[in-house]
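Student: Chains as they are written, first to last, in my numbering: chain A, 11 to 124; chain B, 72 to 187.
Do not rely on the hints blindly, as some may be mistaken.
What the hints assert, rightly or not - Chain A residues, not near chain B, derived (Cβ > 12 Å throughout):
no.: 1; residue: E28
no.: 2; residue: S41
no.: 3; residue: E54
no.: 4; residue: I65
no.: 5; residue: E72
no.: 6; residue: D73
no.: 7; residue: F75
no.: 8; residue: P80
no.: 9; residue: K88
no.: 10; residue: P94
no.: 11; residue: S97
no.: 12; residue: S105
As the list claims (entries may be wrong) - Label-pair distances were calculated between CB atoms; the ranges are:
no.: 13; chain 1: A; residue 1: V63; chain 2: B; residue 2: Q179; range: 42 to 50 Å
no.: 14; chain 1: B; residue 1: L78; chain 2: A; residue 2: P94; range: 28 to 36 Å
no.: 15; chain 1: A; residue 1: V63; chain 2: B; residue 2: P187; range: 22 to 30 Å
no.: 16; chain 1: B; residue 1: A125; chain 2: A; residue 2: T48; range: 32 to 40 Å
no.: 17; chain 1: B; residue 1: S141; chain 2: A; residue 2: T122; range: 40 to 48 Å
no.: 18; chain 1: B; residue 1: S141; chain 2: A; residue 2: R74; range: 41 to 49 Å
no.: 19; chain 1: B; residue 1: K129; chain 2: A; residue 2: R74; range: 38 to 46 Å
no.: 20; chain 1: A; residue 1: N107; chain 2: B; residue 2: A125; range: 35 to 43 Å
no.: 21; chain 1: A; residue 1: G69; chain 2: B; residue 2: T76; range: 36 to 44 Å
no.: 22; chain 1: B; residue 1: S74; chain 2: A; residue 2: S97; range: 22 to 30 Å
In short, the hints are calculated from the structure, not lab data. Beta carbons: idealized from backbone N, C-alpha and C, even for Gly.
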Amino acid sequence: DAGVIQSPRHEVTEMGQEVTLRCKPISGHNSLFWYRQTMMRGLELLIYFNNNVPIDDSGMPEDRFSAKMPNASFSTLKIQPSEPRDSAVYFCASSLNGLNTEAFFGQGTRLTVV
Amino acid sequence: AQSVTQLGSHVSVSEGALVLLRCNYSSSVPPYLFWYVQYPNQGLQLLLKYTSAATLVKGINGFEAEFKKSETSFHLTKPSAHMSDAAEYFCAVSDKGSSNTGKLIFGQGTTLQVKP
Numbered sequence: 011d012a013g014v015i016q017s018p019r020h021e022v023t024e025m026g027q028e029v030t031l032r033c034k035p036i037s038g039h040n041s042l043f044w045y046r047q048t049m050m051r052g053l054e055l056l057i058y059f060n061n062n063v064p065i066d067d068s069g070m071p072e073d074r075f076s077a078k079m080p081n082a083s084f085s086t087l088k089i090q091p092s093e094p095r096d097s098a099v100y101f102c103a104s105s106l107n108g109l110n111t112e113a114f115f116g117q118g119t120r121l122t123v124v
Numbered sequence: 072a073q074s075v076t077q078l079g080s081h082v083s084v085s086e087g088a089l090v091l092l093r094c095n096y097s098s099s100v101p102p103y104l105f106w107y108v109q110y111p112n113q114g115l116q117l118l119l120k121y122t123s124a125a126t127l128v129k130g131i132n133g134f135e136a137e138f139k140k141s142e143t144s145f146h147l148t149k150p151s152a153h154m155s156d157a158a159e160y161f162c163a164v165s166d167k168g169s170s171n172t173g174k175l176i177f178g179q180g181t182t183l184q185v186k187p
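Based on the sequences and whatever the hints tell you, model everything.
Tutor: So this is what it looks like as structure tokens:
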């Protein structure tokens, strides 16, 4: 298995532009998580899906952020419009249902908004 | 709600010395606990996990952690540090919410520096 695949690995965009981050979870996993990592705030859970349904989006910073999971093998995190304070590394992770199962992380997307 | 506290954002040890990274958790029910490692410019990789079986858990790369309910702790140790252990380490607890999806709550992370 190739693991969780995220694209792009790096993204540099100008303030005000739309940014779309992509994630392909591990085949067979039914939970998917989007995390944001910054020096100031550490790892923050933005949103997670179970069986393609958003369960908890309370971590999404504001309406500029949206996430979708149209099928079991694909998810997107969109920021529109982007702002410099959105600069961070965004991680996608997936897991099988269950409390004792670990989440598997992608390599992350490093977003820089200038 | 579950939470995790990692004591010490930076830990520095000499090569060959004992590594001890501290993690305390808060949970009203028996927790599931995890340690992850993050190397520079990489994603998080699982080191080990506690799932209510043996209280001493052995993981990869010579790391182990002991679950101590009385102290609500899950400290990570390694007898002898290697230069390649330099990384950031995260403790996490599985959130036992009604959705039962295994959402992980992470600590703030501890950066381990290994000096030659």
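Student: Compare the structure with each hint and give your call.
Tutor: Here's how the hints hold up against the structure:
Remark: the non-interface label on E28 (chain A) is consistent with the geometry, its nearest Cβ contact in chain B lying 25 Å away (cut-off 12 Å). Listed as outside the interface, S41 (chain A) is inconsistent with that label: its C-beta sits roughly 5 Å from the nearest C-beta of chain B, within the 12 Å cut-off. Its closest Cβ contact with chain B, about 9 Å, brings E54 (chain A) to no more than 12 Å, contrary to its assignment away from the interface. Not every CB of chain B lies more than 12 Å from the CB of I65 (chain A), the least distance being 5 Å, so the non-interface label is violated.
Chain B leaves E72 (chain A) outside its interface by the beta-carbon criterion, the shortest separation being 21 Å against a cut-off of 12 Å. Distance check for D73 (chain A) against chain B: the nearest CB is about 22 Å away, which clears 12 Å, and the non-interface claim stands. With 12 Å as the threshold on Cβ separation, the claim that F75 (chain A) sits away from chain B holds: the shortest Cβ distance comes to roughly 18 Å. For P80 (chain A), the condition that its CB be more than 12 Å from all CB atoms of chain B holds, with the nearest at approximately 19 Å.
Remark: the non-interface label on K88 (chain A) is consistent with the geometry, its nearest Cβ contact in chain B lying 21 Å away (cut-off 12 Å). Distance check for P94 (chain A) against chain B: the nearest CB is about 21 Å away, which clears 12 Å, and the non-interface claim stands. Look at S97 (chain A): its CB is around 15 Å from the nearest CB on chain B, clear of 12 Å, so calling it non-interface holds up. Under the 12 Å C-beta cut-off, the non-interface status given to S105 (chain A) relative to chain B is violated; the minimum distance is some 5 Å.
Range check, V63 (chain A) to Q179 (chain B): about 30 Å between beta-carbon atoms, so the 42 to 50 Å window is missed. The hinted window of 28 to 36 Å between L78 (chain B) and P94 (chain A) holds, with their beta carbons roughly 32 Å apart. For the hinted restraint 22 to 30 Å between V63 (chain A) and P187 (chain B), the CB-CB distance of approximately 51 Å leaves it violated. The hint said 32 to 40 Å for the Cβ distance between A125 (chain B) and T48 (chain A), and at roughly 36 Å that hint holds.
Under the hint 40 to 48 Å, the C-beta atoms of S141 (chain B) and T122 (chain A), about 46 Å apart, fit the expected range. One distance hint, 41 to 49 Å for the beta-carbon pair S141 (chain B) and R74 (chain A), holds here, with the actual separation near 45 Å. At roughly 44 Å, the beta-carbon separation of K129 (chain B) and R74 (chain A) lies within the given 38 to 46 Å, and the hint holds. Hint check: N107 (chain A) to A125 (chain B), Cβ distance near 24 Å, so the stated range 35 to 43 Å is violated.
With their beta carbons about 19 Å apart, G69 (chain A) and T76 (chain B) fall outside the hinted range of 36 to 44 Å. With their beta carbons about 27 Å apart, S74 (chain B) and S97 (chain A) fall inside the hinted range of 22 to 30 Å.
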